[in-house]
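Numbering (my numbering), first residue to last: 2 to 291.
Since the hints were made in silico from the structure, they are not lab data. There may be inaccurate statements among the hints.
[Claimed, not checked] FRET-style restraints, in silico, Cβ to Cβ:
#1 P98 / A172: 15 to 23 angstroms
#2 A157 / G265: 16 to 24 angstroms
#3 G112 / A201: 30 to 38 angstroms
#4 N204 / R236: 35 to 43 angstroms
#5 A198 / G112: 36 to 44 angstroms
#6 A129 / A194: 32 to 40 angstroms
[Stated by the list, open to error] Simulated pairs of lysine-lysine, DSS-like, Cα-Cα distance not exceeding 27 angstroms:
#7 K103 / K262
#8 K133 / K262
#9 K262 / K175
#10 K175 / K103
#11 K133 / K103
#12 K175 / K219
This one's a predicted model, so the numbers in the text were calculated from it and none came from an experiment. All residues carry an ideal CB built from backbone N, CA and C; glycine is no exception.
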Amino acid sequence: MRSVACVLSSALLAAILAGCANGPTKLAGSAPPTLAFAAEEPRADEQLAPQAAMLRPDQLPIPVGGLAGRTIRVERVSDIRLGPREIVLTFDDGPMPGKTEKILRALDDYGVKATFLMVGQMANAYPAIARKVAERGHTVGTHTQNHSNLASLGSASAMAQILAGQNSVAAALKPAGLRPAPFFRFPYLAETAALRASLAARNVVVIDADIDSKDYFKSGSEPLRARALSRITARSSGIVLFHDIHARTVAMLPGLLADLKARGYKVVHLVPGRGGGGLLLAGAPAEPPA
2 MRSVACVLSS ALLAAILAGC ANGPTKLAGS APPTLAFAAE EPRADEQLAP
52 QAAMLRPDQL PIPVGGLAGR TIRVERVSDI RLGPREIVLT FDDGPMPGKT
102 EKILRALDDY GVKATFLMVG QMANAYPAIA RKVAERGHTV GTHTQNHSNL
152 ASLGSASAMA QILAGQNSVA AALKPAGLRP APFFRFPYLA ETAALRASLA
202 ARNVVVIDAD IDSKDYFKSG SEPLRARALS RITARSSGIV LFHDIHARTV
252 AMLPGLLADL KARGYKVVHL VPGRGGGGLL LAGAPAEPPA
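Start from the sequences and build out the full structure, keeping to the hints where you can.
Encoded structure:
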C-alpha cells in the first residue's frame, strides 16, 4: 500500500491545495511542503470581497444550541435566502488529517452544521475523514479533482475535473452508505458563464462565497478571527469561506463561534433539496428568512 507521503507529495500539495482566491505559493526546491495560500499579509485598507454528504432519511440534523439556525433545502442557488445575522459556514480543500477533525469538534461543541467542499484527491487520500464529516451530519460537496483553475481550461477539461472530483468524493463516502450533495464551488472562485450553465443543466448548485475570510493569508489565528468577525458583521449575513487545511483556521474557530453566538448570529445549514441526488430527505421544511 502506497504511503500517504507518496499520495500527497510536496508537489501535489502545492498544486492541489491552492487557495480559492489566490494562486499557490511557489516553493523552493529544498523547501518543505507548505499549506499556505499566500505569503503576504492582508492590507489594513483591504475591501470586503463581494453555495456534501447527502444524508440518509434518519440523518437530517436537528439544530441545537444558541448558535444553530434553520436548515435550508437547496435545489437551486435562489433557494439560499438568508436573513439578518444568518450565515452559512463553508470549508474548502480538505479533508486534512489533524485539522478537519478539530474543526468538526468545534462545530459539535456549538451544535452547528457546515458545508465542506472537498477536493477529489484529498478525499481519495483520506476517505475515512471524509466519511467522518458526513457521518457528523455536515453537508459534503465537491471542489474539482485537483483544485485546477477551471477558467483557464477548455470546457471539456474543466468538466472532466468537476466530474472526477464528484466521483472521488462519492467513492470515499460510499462505504458509509452516503453520497455527496450536488453542491460545487469553483477553485479560486474562478468561474465562467458556460461552466455555470453546464452545472445548472446537471442540477448541480454552485455554492458561492459572500464573505471571504482570507484564511489563506499567513497570519496568526487571532488576526484571522478579528478579520473574519469584522467581515461578517460588516455584511450581516452570507456564505462564509474558510479552509479546513490551515492550523490558524482550526485555532481561531472556537473563539469565532463564541463571538458569533454572543452577537446573536445563527448558523444556517444547507442540505440538498428533496429531489437532490435521488435520495428522499426527511425532516422539517425549510423556513423563509425572518
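Taking the hints in turn, this is what the structure says about them:
For P98 and A172, the Cβ-Cβ distance of about 18 angstroms falls inside the hinted range of 15 to 23 angstroms, so the restraint holds. One distance hint, 16 to 24 angstroms for the beta-carbon pair A157 and G265, is violated here, with the actual separation near 48 angstroms. At roughly 33 angstroms, the beta-carbon separation of G112 and A201 lies within the given 30 to 38 angstroms, and the hint holds. Separated by about 29 angstroms at the C-beta atoms, N204 and R236 break the suggested range of 35 to 43 angstroms.
The hint said 36 to 44 angstroms for the Cβ distance between A198 and G112, and at roughly 37 angstroms that hint holds. A129 and A194 have their C-beta atoms about 38 angstroms apart, which keeps the hinted 32 to 40 angstroms range intact. Our distance criterion of 27 angstroms between C-alpha atoms is met by K103 and K262, whose separation comes to about 19 angstroms. Under the criterion of a C-alpha separation no larger than 27 angstroms, the hint pairing K133 with K262 is consistent with the structure, at around 25 angstroms.
Using a Cα cut-off of 27 angstroms, the hinted pair K262 and K175 is violated, with the two alpha carbons roughly 35 angstroms apart. Between K175 and K103, the direct Cα distance comes to roughly 23 angstroms. Compliance with the 27 angstroms bound is thereby established for this hinted pair. Proximity of K133 to K103 is assessed by CA-CA distance (about 12 angstroms); at most 27 angstroms being required, the pair is judged to hold. Restraint check: the Cα-Cα separation between K175 and K219 comes to about 36 angstroms, which exceeds 27 angstroms; the hinted pair is violated.
When the structure is compared with the earlier hints, violations turn up for hints 2, 4, 9 and 12 and for no others.
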